[in-house]
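Number of protein chains: 2
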Amino acid sequence: MTREEVFSYNKHIPTPPEKPFYFGVTGLNHGHIYGMCAGLINAGAKMTHIYEPDKALLDTFLKKYPNITVCDSLEELLAVEELELIATAAIPGDRAGIEIKSMRAGKHVFTDKAPMITLEQLEEVKAVSLATGKRLFVYYSEFVAVESAIFAKQLIDRGVIGKVAHIDIFAPHRLNPDSRPDWFWVREKTGGILIDIGSHQFHQFLEYSGTNNATVTSSRVANYFNKQYPGFDDFGDATLTADNGITGYVRIDWMSPAGIQTWGDGKVVILGEKGYIELRKNCDIGKEKVTNTVFVCTDDGVFTESVSGKVGCPYYSNIIKDSREGTELSMSVEQAYNAIELAIKAQTLAM
Amino acid sequence: MTREEVFSYNKHIPTPPEKPFYFGVTGLNHGHIYGMCAGLINAGAKMTHIYEPDKALLDTFLKKYPNITVCDSLEELLAVEELELIATAAIPGDRAGIEIKSMRAGKHVFTDKAPMITLEQLEEVKAVSLATGKRLFVYYSEFVAVESAIFAKQLIDRGVIGKVAHIDIFAPHRLNPDSRPDWFWVREKTGGILIDIGSHQFHQFLEYSGTNNATVTSSRVANYFNKQYPGFDDFGDATLTADNGITGYVRIDWMSPAGIQTWGDGKVVILGEKGYIELRKNCDIGKEKVTNTVFVCTDDGVFTESVSGKVGCPYYSNIIKDSREGTELSMSVEQAYNAIELAIKAQTLAM
Numbered sequence: 001m002t003r004e005e006v007f008s009y010n011k012h013i014p015t016p017p018e019k020p021f022y023f024g025v026t027g028l029n030h031g032h033i034y035g036m037c038a039g040l041i042n043a044g045a046k047m048t049h050i051y052e053p054d055k056a057l058l059d060t061f062l063k064k065y066p067n068i069t070v071c072d073s074l075e076e077l078l079a080v081e082e083l084e085l086i087a088t089a090a091i092p093g094d095r096a097g098i099e100i101k102s103m104r105a106g107k108h109v110f111t112d113k114a115p116m117i118t119l120e121q122l123e124e125v126k127a128v129s130l131a132t133g134k135r136l137f138v139y140y141s142e143f144v145a146v147e148s149a150i151f152a153k154q155l156i157d158r159g160v161i162g163k164v165a166h167i168d169i170f171a172p173h174r175l176n177p178d179s180r181p182d183w184f185w186v187r188e189k190t191g192g193i194l195i196d197i198g199s200h201q202f203h204q205f206l207e208y209s210g211t212n213n214a215t216v217t218s219s220r221v222a223n224y225f226n227k228q229y230p231g232f233d234d235f236g237d238a239t240l241t242a243d244n245g246i247t248g249y250v251r252i253d254w255m256s257p258a259g260i261q262t263w264g265d266g267k268v269v270i271l272g273e274k275g276y277i278e279l280r281k282n283c284d285i286g287k288e289k290v291t292n293t294v295f296v297c298t299d300d301g302v303f304t305e306s307v308s309g310k311v312g313c314p315y316y317s318n319i320i321k322d323s324r325e326g327t328e329l330s331m332s333v334e335q336a337y338n339a340i341e342l343a344i345k346a347q348t349l350a351m
Numbered sequence: 352m353t354r355e356e357v358f359s360y361n362k363h364i365p366t367p368p369e370k371p372f373y374f375g376v377t378g379l380n381h382g383h384i385y386g387m388c389a390g391l392i393n394a395g396a397k398m399t400h401i402y403e404p405d406k407a408l409l410d411t412f413l414k415k416y417p418n419i420t421v422c423d424s425l426e427e428l429l430a431v432e433e434l435e436l437i438a439t440a441a442i443p444g445d446r447a448g449i450e451i452k453s454m455r456a457g458k459h460v461f462t463d464k465a466p467m468i469t470l471e472q473l474e475e476v477k478a479v480s481l482a483t484g485k486r487l488f489v490y491y492s493e494f495v496a497v498e499s500a501i502f503a504k505q506l507i508d509r510g511v512i513g514k515v516a517h518i519d520i521f522a523p524h525r526l527n528p529d530s531r532p533d534w535f536w537v538r539e540k541t542g543g544i545l546i547d548i549g550s551h552q553f554h555q556f557l558e559y560s561g562t563n564n565a566t567v568t569s570s571r572v573a574n575y576f577n578k579q580y581p582g583f584d585d586f587g588d589a590t591l592t593a594d595n596g597i598t599g600y601v602r603i604d605w606m607s608p609a610g611i612q613t614w615g616d617g618k619v620v621i622l623g624e625k626g627y628i629e630l631r632k633n634c635d636i637g638k639e640k641v642t643n644t645v646f647v648c649t650d651d652g653v654f655t656e657s658v659s660g661k662v663g664c665p666y667y668s669n670i671i672k673d674s675r676e677g678t679e680l681s682m683s684v685e686q687a688y689n690a691i692e693l694a695i696k697a698q699t700l701a702m
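Protein sequences, first through last, are from chains A and B. Counting in the numbering used here, the first sequence runs from 1 upward without gaps. Counting in the numbering used here, the second sequence runs from 352 upward without gaps.
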């Protein structure tokens, strides 16, 4: 396999939907909401209404999007007939309630990860989705919004490393404690590190293992350096095994130092029969400002390239299509649910 | 902290012992014996006698060391009075027997890892060592013979990353199946991947965690791509927690592709309160022929350098001193034993 064969691209360029796709927003608590809305807008959707009880969060959002209509209550937002979807990055513990109300009001939902924080919430959301025919789309951003992560899946599907055996996923994050809201430190609000962040990693494991069914074989959480916040985990990890035998390890922490000049040295290593893939998502330590670096190591050599700007992120366009057509182009319903289920089970096992 | 403060060296230069230190060799089954003998000789020891029943292995060794006296039996070797130490890289399952006979003959032992493959062998070796006053030195080479690994310990001791929280150790290896002897594929001879190779990684975990006591919290072995050898593991991993709360993950595999131009992309990541250390021991994929690359990431920046040739490996000189003076400069007796004990427990748990 040559370098050109490894790094061949078919970049996703969004095409706007023929009929306008309107969406509303509620819950600006996590900054991810900006990426979620920008992604949908870039895919051709139109953001028209918002409800946000926190005035400071609302004002900041309105500075960026001044032409959006502000509703006085969630009910008022959900009553806006033309909205097909509600986007939310509310406090994690509150997301299931918003999802359920939105679905019952006839709206699809695009929620930040974690989509919920307990198995009871998960079961209720599943039931309401089934009853209403409305879908839950989850912003597992460390895959759906990261070009190297998406490209790795394409490499696996193209057989570049053969059959996959094992997957390591590392998600260090920078804490910036002074910038965090009160709920950030409270486990009843976040679910804990393996849910709040880890759902990302469990999702990636399912994506790369090519199955939606896996078992958490071990997990841990710890609070090493932030003991003044007893409801906070600054470390978590887990091992898991997929039903096809592929093994995985995920590690999440809040220990990234400022010197790396990004929020975290996120990495993925995927071992296969014919070689391995390594992703250095946000930085390549020791090199200046390079993102989405992909390494492919096979018998033929080591091939490396930054794939930033070369792959595109089809998730947002696919959310629009899936909402309209009932397809599962964005992500299978089962995968979206099973990723958070694994995360909740891992956090529970670790406590 | 500046770059100069991070990368400050105090290179170990061996000084030969005042009184000659003679050692003998038996068991050339693993190629590590060459590194072990060269290390001792470089530290000033004198290799004078050998017993090796396999003529082909012996002949190859004698080409490199033609002036060594060949004994006809292990008993003859062990009867050579001036030998203070026996070096062995016999088949792993046979090592404990050689260690016990050597100690009973009044010799210290320098054995390749794994020093033994069962808990029964471990207990017997411990008892004989205690009864004879003779020491077991283990060639956990991925630490004791790797300058970046040794340097990382110095960085931790100097407080460069503050209190340690978590340690990841990756040891991919290249299989080269055609070059392997029959015993390589038989679990009763090797103990399995977490023992045969993994004892290295458990040793490093103890070294970096600064304690000799840890618990294996989960472990797995698998044979993904070599099912024609049912007694072989081509994958193993484990999580462990030290008695001081430091967590670890070790992953070992036989999946390294030829394209990386070395036997394995061995890496270590050590997370601490003030930053993290990453070691790329044998290669830095995407770069040509660089070894022992150390990255130190703190709030002050990312500092990186290859430390090859700058640190030295004091292990061999310290074996000579410890043999003579009963010190524990090379490695504590407890650490040498506990590393293999963890490895055996992890392999047993995984089966």
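Derived by calculation from the structure, the hints in this document are not laboratory data. Hints may contain errors.
As the list claims (entries may be wrong) - The calculated label-pair distances, taken between Cβ atoms and stated as ranges, are:
1. A:LYS64 to B:THR613: 28 to 38 Å
2. B:GLU685 to A:THR215: 33 to 43 Å
3. B:LEU700 to A:ALA79: 50 to 60 Å
4. B:ARG531 to A:GLY162: 16 to 26 Å
5. B:GLN612 to A:SER308: 21 to 31 Å
6. B:GLU433 to A:ASP299: 42 to 52 Å
7. A:SER308 to B:PRO404: 55 to 65 Å
For every residue, glycine included, the Cβ atom is placed at its ideal position computed from N, Cα and C.
Hints, verified against the model:
Hint check: LYS64 (chain A) to THR613 (chain B), Cβ distance near 49 Å, so the stated range 28 to 38 Å is violated. Hint check: GLU685 (chain B) to THR215 (chain A), Cβ distance near 36 Å, so the stated range 33 to 43 Å holds. The given range of 50 to 60 Å is respected by LEU700 (chain B) and ALA79 (chain A), whose C-beta atoms sit roughly 57 Å from each other. Separation of ARG531 (chain B) from GLY162 (chain A) is about 21 Å and conforms to the stated range, judged on CB atoms against 16 to 26 Å.
Between GLN612 (chain B) and SER308 (chain A) the beta carbon distance is about 27 Å. The supplied range of 21 to 31 Å therefore holds. For GLU433 (chain B) paired with ASP299 (chain A), a C-beta distance near 49 Å keeps the hint of 42 to 52 Å intact. The beta-carbon spacing between SER308 (chain A) and PRO404 (chain B), approximately 59 Å, falls within the hinted interval of 55 to 65 Å.
The structure shown violates just one earlier hint, number 1.
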